[in-house]
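Colleague: Using the sequences plus the hints, can you model the full thing?
Each residue of the sequence shown is one higher than the one before, counting from 2 in the numbering used here.
No lab work stands behind these hints: they were computed from the structure. All residues carry an ideal CB built from backbone N, CA and C; glycine is no exception. Among these hints, one or two may not hold up.
[To be verified] In silico DMTMM-like cross-links for lysine to aspartate or glutamate, where the CA-CA straight-line distance does not exceed 20 Å:
{"id": "1", "residue 1": "Lys81", "residue 2": "Asp69"}
{"id": "2", "residue 1": "Lys81", "residue 2": "Asp71"}
{"id": "3", "residue 1": "Lys63", "residue 2": "Asp85"}
{"id": "4", "residue 1": "Lys52", "residue 2": "Glu132"}
{"id": "5", "residue 1": "Lys52", "residue 2": "Glu116"}
{"id": "6", "residue 1": "Lys124", "residue 2": "Asp69"}
{"id": "7", "residue 1": "Lys52", "residue 2": "Asp119"}
{"id": "8", "residue 1": "Lys52", "residue 2": "Asp71"}
[Stated by the list, open to error] Restraint ranges, calculated between C-beta atoms of paired labels, are given here:
{"id": "9", "residue 1": "Phe144", "residue 2": "Asp85", "range": "20 to 28 Å"}
{"id": "10", "residue 1": "Asn86", "residue 2": "Pro152", "range": "24 to 32 Å"}
{"id": "11", "residue 1": "Arg66", "residue 2": "Ser95", "range": "44 to 52 Å"}
{"id": "12", "residue 1": "Asn88", "residue 2": "Tyr147", "range": "20 to 28 Å"}
{"id": "13", "residue 1": "Pro152", "residue 2": "Gly125", "range": "40 to 48 Å"}
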Amino acid sequence: MYNQQQNMMGLPGMPGGQYIPGRQGMQSMQGQQNMQSQQGMPNQQQQNMIKNPQSNLLPQVKSARINDRDTLNFALSQEKYITDNLNVFAREASHRQLHNDVMRIFNETHAMTRELFDLMFRKGWYSLEPEQPQKMAQTHQQFSQYSSQFPYPMYQ
2 MYNQQQNMMG
12 LPGMPGGQYI
22 PGRQGMQSMQ
32 GQQNMQSQQG
42 MPNQQQQNMI
52 KNPQSNLLPQ
62 VKSARINDRD
72 TLNFALSQEK
82 YITDNLNVFA
92 REASHRQLHN
102 DVMRIFNETH
112 AMTRELFDLM
122 FRKGWYSLEP
132 EQPQKMAQTH
142 QQFSQYSSQF
152 PYPMYQ
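Modeller: Given below as structure tokens:
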């Protein structure tokens, strides 16, 4: 099962380090830059990505054969599709017991989706690009202004 405590050990963007799932604790940015230069990757491009080194299980050149990454990528996309449809199903279920059963399956599916994402991230097969703090603040301000348009004060 997904370990929520593992996800709370550190946060990207914290001073002096970055949490990398599957590793022990925080990794320093300097250590990450040294690792990148050893791997021959450009620092500028890699500094903008949050990812782990790729697993050695993948071939250097992609062939027509299905590998582990392809399988996990397919499983993740299917879990997302199932979760989307279960969400609609749960919202429209008119019988209480049916709704409860669908919600249980929905929650299990969400947990499995997270496990697949975590596995792909640990293996370096899923990367994230961090947003600039200025852009995040701008978006937050934009959507905060929308709350004044809500008809009920509890949503403001």
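Colleague: Taking the earlier hints as the rules, which of them does this structure contradict?
Modeller: 3
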